[in-house]
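Chains as they are written, first to last, in the numbering used here: chain B, 1 to 258; chain H, 259 to 673.
Keep in mind that the hints were calculated from the coordinates and are not lab data. Please note: incorrect hints may appear among the correct ones.
To be verified - Heads up, simulated DSBU-like pairs for lysine-lysine below, C-alpha to C-alpha not over 30 angstroms straight-line:
{"#": "1", "chain 1": "B", "residue 1": "K149", "chain 2": "H", "residue 2": "K490"}
{"#": "2", "chain 1": "B", "residue 1": "K149", "chain 2": "H", "residue 2": "K491"}
{"#": "3", "chain 1": "H", "residue 1": "K491", "chain 2": "B", "residue 2": "K60"}
{"#": "4", "chain 1": "H", "residue 1": "K447", "chain 2": "H", "residue 2": "K269"}
{"#": "5", "chain 1": "H", "residue 1": "K490", "chain 2": "B", "residue 2": "K60"}
{"#": "6", "chain 1": "H", "residue 1": "K499", "chain 2": "H", "residue 2": "K268"}
{"#": "7", "chain 1": "H", "residue 1": "K273", "chain 2": "H", "residue 2": "K490"}
Claimed, not checked - Some chain B residues flagged as far from chain H (calculated, every beta-carbon gap over 12 angstroms):
{"#": "8", "residue": "I33"}
{"#": "9", "residue": "G39"}
{"#": "10", "residue": "P57"}
{"#": "11", "residue": "S82"}
{"#": "12", "residue": "D85"}
{"#": "13", "residue": "L88"}
{"#": "14", "residue": "G101"}
{"#": "15", "residue": "E114"}
{"#": "16", "residue": "A126"}
{"#": "17", "residue": "R151"}
{"#": "18", "residue": "G212"}
{"#": "19", "residue": "V233"}
{"#": "20", "residue": "G243"}
{"#": "21", "residue": "V255"}
Beta carbons are placed, not taken as given, at the ideal position from N, Cα and C, and that holds for glycine.
Given next are the chains, with one letter for each unit.
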Amino acid sequence: MSALDTLAAALASGQVRVVDLTHTLDPDFPVIILPPEFGQCARFRMEEISAYDHRGPAWKWHNISMSEHTGTHFDAPSHWVSGRDVALGAVDEIPPERFIGPVCVIDCAAEATEDEDFLLQPAHIAAWEATHGRIPAGAWVLMRTDWSKRRGAAYLNMREDGPHSPGPSPEAVRLLVEDRDIIGFGTETVGTDAGQAAHLSPPYPAHYILHGAGRYGLQCLANLDQLPPTGAVLMAAPLKIKGGTGSPLRVLAMVEGA
Amino acid sequence: MTDALRPPPKKDPQKRTVTPTLPPTMRSRAALGLSAAAAEGRFALQSCAECGAVQYPPRDACSRCLSTGLRWRDVDPGGTLLAETTIHTTVDVYFRERMPWRTGSVQLDAGPVVIAHVHGDVTTRGRVRMWNLLDRAGQAVLVAMPEGRTPHMEDDPQLREMTADPKHRRILIADARNPNAPALARALKDAGAAMLIAGEAEGWRPYPHRDALAALGVDLQPMDVTDTASVKKLAGEYGGKTDILINNARFMRPGGVLARGDTAFARDEIEVNYLGLMRLAQAFGPGMCARAQDGVNSAAAWVNILTVEALSNDPAYGCFNASNAAALSLSQSLRAEFRGAGLRVMNVLTGPTEDDWYQPLPPPKVGHAALARSVVEGLQRGLEDVYCGDVAKDLVERFRRDPKVLERERTGGTA
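In isolation and in its complexed conformation, chain H is listed as follows:
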């Protein structure tokens, strides 16, 4: 049984903050398909288009028939633990700091035998459910999990290495004024967050849910993501205790390029949605990277909430979507820049949300609570890409099938 993770003691100010180390990063090109699936929390393996054999480890040709037609496909995550060992010593710097470490071999119901990290609650020769997770280096690793829930299973030290669980972590929500802030705060608090801070822009004008945030115990601190000095100031004060940063700042107005005939709102969208992300990252990123291996409440993740229409524009919100496309691209750069520290960037891409500016659109729309749930679940699974709601899931699937066809579908190419 997993011991419940206890709130960490206050940090000893005489101790040096540990420099983050990473597990081995090298993978074949073929193996990156596993990382792509792990980024979304899917358990996928290559399967042969010719003979149907499921493959592991990833390779360039089928191990049974030598066909090169290997496709990544979600497969049954069930299996049985065959053999296990607990490693107590290694020369690998990352694992050396985390010994002992339980590993084993698992006979997958889908066919192959795989080497996997093994959760502490898995019993000898017991049934397991495989999770395909990203490790600190951002590469896929397979973790054999107990088949059902066990008490405090998320607190298993090996599992917590792979996730960015909010439990006992201190969380900054970038924009208190966003109507989704109370739902985010509530969900994170329920998930065990130790401290919630929210950046409050323009305290000189009221907004409806301020009291709700205060009632949830959210510490409101002045910050406007368009004001560099205010971002730096908050980072100066709270950057050293920001374990998870949730960038929910958003400016949006409807319309495409020709709708207004000026660049004023488009500039605001870039200021908040793109440059806001950059300002936050420049101010909070270095400190979070330095604290990515700082014990139970280490810095763990950076979350951006973006529209899925960053992938493929809808001219009804053309300029807003373009600003989100810029932010999405920037997040890829940031992800690469954070990777050396093991700090995760998770993008939550949503369809239209229950916001004022989407009011004329028909349902389904993503409610604040559903969005907050996606954020928390994504952190608990250590994901990089979360598609929240039916619209987002549908759009990304069509995007993968054919981005050009999707573009035409969304911009008037079909009857």
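So that you can see chain B by itself, here it is in the shape it has in the complex:
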């Protein structure tokens, strides 16, 4: 049996399960909020074209609109100024094999519950590796915080001094990109960076370092609590938007075991 035959059989038997890491594209799902004089992220919107009625008797369909960075979405290198000149930096240029890879899940749920501004540090990564082994090159690293279980205003957690949510420290991102050679980094929050990351150096370190090095981001992920620390395979293929800096997408993980 070929590797794919084996995989197909494992999927059919339930030995390999598919976990959906995606939030529903919902008009009321939070998006990132910038100072109002800046351009803003468009919310997801859906307008009926027809619904089995006078506008089209036998069919229902919608026009949809949104930003590249609405809902559960993929960040390409060209999203950030540091990645503007990176080769193959737009979603339509990225080689498709980069969209599938092994995934390491670092569980920071307890820390994020304790401290809403929790920053993932190299020490946390070292501790994780002591248990689960070294993060392999070409892996996706996802930061589990259980933030996806928050609803309403608690998700952005916006206050007068800005949003408060967990994310990686500049040192942790540098370690993952430069020493571990990861393919991308994903979070359950509205961005790959912490809510207060504008005040770090460099500001928005996950965006700056990941994209500057041609790596990818995933954010607004869900169901990370259903993934094992290692051993799952992530599939995160953005829409093939010409020159696109990102894309809403369906993020799936294949997980072994019942």
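Chain B is already provided as a structure; the job is to place chain H on it using the hints.
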């Protein structure tokens, strides 16, 4: 003395909702000048440019000298009730449902004798003050009012037919996030509104006056005028008890066409200011039209809050003003579409308001309380066009004098 209007009982679910009927609509072209004045709450009559005679009813030539130079001019609204009668029976469908009805003749201080509807508190041969009001059909009618205030005078059943008084009515404010929402809620509550609902967009991000709205007893319900499904959902739940809808949703950013070099904010302005109005109207309009004759708390009015610069653009806010011009035009269509039901569309046009985006402009600016006062007074007088604040009043006057001159004045045509 007028009996105080009592809160209506809960609706009998076995009773059919009455189909709205209208008073006679036919008017001469000349008479529409009276309706135009009534739309703004002015008492105006034709006066002859040649001999000065004040005319009534409206006509095409002077009744004294046959000059065709008749101009609409605000005149003294004072008068004396000459004769009166109370009608108890008629074949007219509209009035038949509203009998008895008091009418009379009034000797105006300005000259003519007019036939008018007569308020219940006017005494026999008493002094009156004429109000020029729009009836349910949107046409001007003259109402003889008591000269001074009388208790509960706004509750007179004939007068309430002509107005959209908030008293005992249930009111939806479209955008809770707009900083003017608490002032609107307070003014409407003070005017006797029975229930206040406000549409709250994006409950997932905070805004400063949420607690103030809650303290005023405003029922916050999820709705975003750019999200069709959310508008339909709220209309599904509350459309049948929306008597007055106040569309205060507004998106604005400064700048004209070349300021940003993209269409992103302009699109948001169209989405909120123009398509938002359309979504609200498509979702709430039909139900409100069906309930325009539903007793004390019938559906009565639709209010849009727009910038007066919809009439004549100022490039400092060029794209925003253009979106409001589109909304103003749409409101005229909506007004015509609602007219068959007797539902009123009132546009409140303001100058720059006390909003973040007008912050660099010098005063005078329209404060939230002043805007709210204009909204309530407009509803109490059943107006269609309200110009709120000195800037708006000045601009509309210049617009009427010469729109092209005004355009040049506002876009750099003067030194």
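Verification of the hints:
At most 30 angstroms may separate the alpha-carbon atoms for a hinted pair to count; K149/B and K490/H meet this at roughly 28 angstroms. The straight-line distance between the Cα atoms of K149/B and K491/H is roughly 25 angstroms, inside the 30 angstroms bound, and the hint therefore holds. Restraint check for K491/H and K60/B: the C-alpha separation of about 19 angstroms stays at or below 30 angstroms, so the hint holds. Annotation: proposed proximity of K447/H to K269/H holds, straight-line Cα distance about 22 angstroms (limit 30 angstroms).
Taken as a hint, the K490/H and K60/B pair is honoured in the structure, with Cα atoms around 17 angstroms apart against an allowance of 30 angstroms. Distance hint between K499/H and K268/H is fulfilled; the C-alpha atoms sit about 11 angstroms from each other, no more than 30 angstroms. For the suggested pair K273/H and K490/H, the alpha carbons sit about 26 angstroms apart, so the restraint of at most 30 angstroms is met. The claim that I33/B lies off the interface is violated: its Cβ sits roughly 6 angstroms from the closest Cβ of chain H, which falls inside the 12 angstroms cut-off.
The Cβ of G39/B sits about 5 angstroms from the closest Cβ of chain H, inside the 12 angstroms cut-off, so the non-interface label is violated. Non-interface call for P57/B relative to chain H: holds, since the shortest CB-CB distance, roughly 20 angstroms, exceeds 12 angstroms. Chain H leaves S82/B outside its interface by the beta-carbon criterion, the shortest separation being 23 angstroms against a cut-off of 12 angstroms. The Cβ of D85/B sits about 22 angstroms from the closest Cβ of chain H, beyond the 12 angstroms cut-off, so the non-interface label holds.
The claim that L88/B lies off the interface holds: its Cβ sits roughly 26 angstroms from the closest Cβ of chain H, which is beyond the 12 angstroms cut-off. Non-interface status of G101/B relative to chain H is upheld: no Cβ of that chain comes within 12 angstroms, the nearest being about 32 angstroms off. The beta carbon of E114/B sits about 23 angstroms from the closest Cβ of chain H, which is more than 12 angstroms, so the claim that it is off the interface holds. Non-interface call for A126/B relative to chain H: holds, since the shortest CB-CB distance, roughly 35 angstroms, exceeds 12 angstroms.
At roughly 8 angstroms, the least C-beta separation between R151/B and chain H is not larger than 12 angstroms, which violates its mark as non-interface. Its beta-carbon lying about 26 angstroms from the closest one in chain H, G212/B satisfies the requirement of being farther than 12 angstroms from that chain. For V233/B, the shortest C-beta to C-beta distance to chain H comes to about 32 angstroms, beyond the 12 angstroms cut-off, and the non-interface label holds. With a least beta-carbon separation of about 15 angstroms from chain H, G243/B lies farther than 12 angstroms from that chain, consistent with its non-interface assignment.
Every Cβ of chain H is farther than 12 angstroms from the Cβ of V255/B; the closest lies at roughly 30 angstroms, confirming the non-interface assignment.
Hint compliance for this structure: hints 8, 9 and 17 are broken, all remaining hints hold.
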